[in-house]
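Participant: Residue numbers (this note's numbering), protein chains in the order written: chain X, 1 to 402; chain C, 1 to 104.
Hints in this document: simulated from the structure, not taken from any laboratory. Honestly, I wouldn't trust all of these hints.
What the hints assert, rightly or not - With a Cα cut of at most 20 Å, we get these calculated DMTMM-like pairs of lysine to aspartate or glutamate:
no.: 1; chain 1: C; residue 1: K93; chain 2: X; residue 2: E250
no.: 2; chain 1: C; residue 1: K25; chain 2: X; residue 2: E77
no.: 3; chain 1: C; residue 1: K93; chain 2: X; residue 2: D200
no.: 4; chain 1: X; residue 1: K264; chain 2: X; residue 2: E232
no.: 5; chain 1: X; residue 1: K246; chain 2: X; residue 2: D193
no.: 6; chain 1: C; residue 1: K23; chain 2: C; residue 2: E75
no.: 7; chain 1: X; residue 1: K97; chain 2: X; residue 2: D108
no.: 8; chain 1: X; residue 1: K246; chain 2: C; residue 2: D56
no.: 9; chain 1: C; residue 1: K93; chain 2: X; residue 2: D202
no.: 10; chain 1: C; residue 1: K23; chain 2: X; residue 2: D193
no.: 11; chain 1: C; residue 1: K23; chain 2: X; residue 2: E80
no.: 12; chain 1: X; residue 1: K330; chain 2: X; residue 2: D352
no.: 13; chain 1: X; residue 1: K330; chain 2: X; residue 2: E290
no.: 14; chain 1: C; residue 1: K23; chain 2: X; residue 2: D352
no.: 15; chain 1: C; residue 1: K93; chain 2: X; residue 2: E239
no.: 16; chain 1: X; residue 1: K157; chain 2: X; residue 2: E146
no.: 17; chain 1: X; residue 1: K330; chain 2: C; residue 2: D89
no.: 18; chain 1: C; residue 1: K93; chain 2: X; residue 2: E232
no.: 19; chain 1: C; residue 1: K25; chain 2: X; residue 2: D108
no.: 20; chain 1: X; residue 1: K126; chain 2: X; residue 2: D98
no.: 21; chain 1: X; residue 1: K264; chain 2: X; residue 2: D108
no.: 22; chain 1: C; residue 1: K25; chain 2: X; residue 2: E232
no.: 23; chain 1: C; residue 1: K23; chain 2: X; residue 2: D108
no.: 24; chain 1: X; residue 1: K162; chain 2: X; residue 2: D193
no.: 25; chain 1: X; residue 1: K126; chain 2: X; residue 2: E172
no.: 26; chain 1: C; residue 1: K93; chain 2: X; residue 2: D252
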Amino acid sequence: MSPTEANTNIAGVDPSDGLAVLEQRGSVAETFGIPLAVLAELTHRCPLQCPYCSNPVELERGGNELTTEEWKNVLTELAEIGVLQIHFSGGEPTARKDLVELVQHASDVGLYSNLITSAVLLTREKLSALADAGLCHVQISFQGNEPVLADRVAGFKGAHQKKIEVARWTRELDLPLTVNAVMHRQNLFQLPDIIQMALDMDADRLEVANVQYYGWALRNRAALMPSVAQIEETSRIVEQAQARLKGTLEIDYVVPDYYALRPKKCMGGWGRQFFNISPAGKILPCHAAESITGLEFLSVRSNHSIAWIWQNSDAFNRYRGTGWMPEPCKSCEFREVDFGGCRCQAFALTGDAGNTDPACTLSPMHEQIFKLAEQEAAGGSNRFLYRNFAGGTLEMDGDNGA
Amino acid sequence: MAGRIRNITVSEASRPILPRHAKLKFDQTRQVWVLLAPERVLAPDEIAVEVLRLCDGVHNVEQMVDHLAAKYTAERGAISADVVAMLQDLADKGFLTEAREKTS
Numbered sequence: 001m002s003p004t005e006a007n008t009n010i011a012g013v014d015p016s017d018g019l020a021v022l023e024q025r026g027s028v029a030e031t032f033g034i035p036l037a038v039l040a041e042l043t044h045r046c047p048l049q050c051p052y053c054s055n056p057v058e059l060e061r062g063g064n065e066l067t068t069e070e071w072k073n074v075l076t077e078l079a080e081i082g083v084l085q086i087h088f089s090g091g092e093p094t095a096r097k098d099l100v101e102l103v104q105h106a107s108d109v110g111l112y113s114n115l116i117t118s119a120v121l122l123t124r125e126k127l128s129a130l131a132d133a134g135l136c137h138v139q140i141s142f143q144g145n146e147p148v149l150a151d152r153v154a155g156f157k158g159a160h161q162k163k164i165e166v167a168r169w170t171r172e173l174d175l176p177l178t179v180n181a182v183m184h185r186q187n188l189f190q191l192p193d194i195i196q197m198a199l200d201m202d203a204d205r206l207e208v209a210n211v212q213y214y215g216w217a218l219r220n221r222a223a224l225m226p227s228v229a230q231i232e233e234t235s236r237i238v239e240q241a242q243a244r245l246k247g248t249l250e251i252d253y254v255v256p257d258y259y260a261l262r263p264k265k266c267m268g269g270w271g272r273q274f275f276n277i278s279p280a281g282k283i284l285p286c287h288a289a290e291s292i293t294g295l296e297f298l299s300v301r302s303n304h305s306i307a308w309i310w311q312n313s314d315a316f317n318r319y320r321g322t323g324w325m326p327e328p329c330k331s332c333e334f335r336e337v338d339f340g341g342c343r344c345q346a347f348a349l350t351g352d353a354g355n356t357d358p359a360c361t362l363s364p365m366h367e368q369i370f371k372l373a374e375q376e377a378a379g380g381s382n383r384f385l386y387r388n389f390a391g392g393t394l395e396m397d398g399d400n401g402a
Numbered sequence: 001m002a003g004r005i006r007n008i009t010v011s012e013a014s015r016p017i018l019p020r021h022a023k024l025k026f027d028q029t030r031q032v033w034v035l036l037a038p039e040r041v042l043a044p045d046e047i048a049v050e051v052l053r054l055c056d057g058v059h060n061v062e063q064m065v066d067h068l069a070a071k072y073t074a075e076r077g078a079i080s081a082d083v084v085a086m087l088q089d090l091a092d093k094g095f096l097t098e099a100r101e102k103t104s
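Using the sequences plus the hints, can you model the full thing?
Facilitator: Shown next as structure tokens:
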């Protein structure tokens, strides 16, 4: 009953898992309750061409995107059913001319709004208008700590310098800043400098996110996969920085699951606490879910409500909970810890989304996948396949590849 | 440097205030108070909510402690230590700042 207990309560649970916080408090936000936060991929259009883009390889064309009115209706509906936060993402969300209007609408219906951006299209006026519209938080992706490598990874000249400028505007406007650094074999050596860069920018949070290998990243796996030694060094650097910068810079760390013993609790479990909305309005259990063939994902343009799709659609119920699991998941003591790992990865690497995620040592395919990763880390070409609407373009020698 | 004051030290004289990116809100769907912050949702308990609602840049911590000590007929020293610790923790996470002194 004391405020100290309240404090312990706040700090005692993994704070990134808001649902767990509420579940622990015995609230009505039970398993399969409406998610606390939803990712809105407003568009797949983006000026950058990062080879690990989390968008599907089959990108949605601009003409299929939801209209301003449709997105506003979606935001209203999300707020009504109990969603608390909206992440405006993409592609590049600032490629939408109506972003300020959408952020304003999110504020009007009581949603807390985050902008997940590459920053290269922003002007100070635009950012200021977004802040005035009630934007609560800005997350900017960085590809490195200096322009030569960073611009090469992004496939966009001048990107790095622009990002630094926008980070400064963000803090000048008194908006909290998260630096998102996607890490892989070719930029991991810059991690200490990236941590310093985030500090210099007065960022609040730093996400050190190792690439997850599906979609574009899977196509680029040989160019991106780090070695085991690199990952061990990375973990050491992150742990030290977390201890040193406590109270100044919060560091979230995502390990590459190929080198883990247990698979990640992907999306907190399929259909358990997260969904995202694709540019065309499809409600998806994760942003890579459309890579799984044989599942039909319903859209907000169907005659079903978002809540109905979340609770009742076949795609969400197919891999929900533990009932769908084959062995070795079915009898595994960790089945409700990791929920069998990632369905998209299981599909991409085994051809069946219902198999155990090969990232798990209990998967019969784990050894083979792990060996392949090690080989690619040691001998893979550094040449990228850049992400674009044409199915990807191989990096030219002149791009300073290899 | 622009932006909020970092690493504030909470004392009874502090007049804490929630920054614009930490929003205290009653969640109608789940019937609980929540504190919304970047990439996270916190669920403060009843007393924490009472404290957070007084974090308006006008009330100081001394007044909050007086209020709680009277309401719960609890020992003032213990309440004070608990409230300061809770607010300091939120401040360290960047979810609490201090009202700035008026410059005249």
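Participant: Which numbered conditions among the earlier hints are violated in the structure presented, ordered from lowest to highest?
Facilitator: 6, 8, 10, 13, 14, 17, 18, 21, 22
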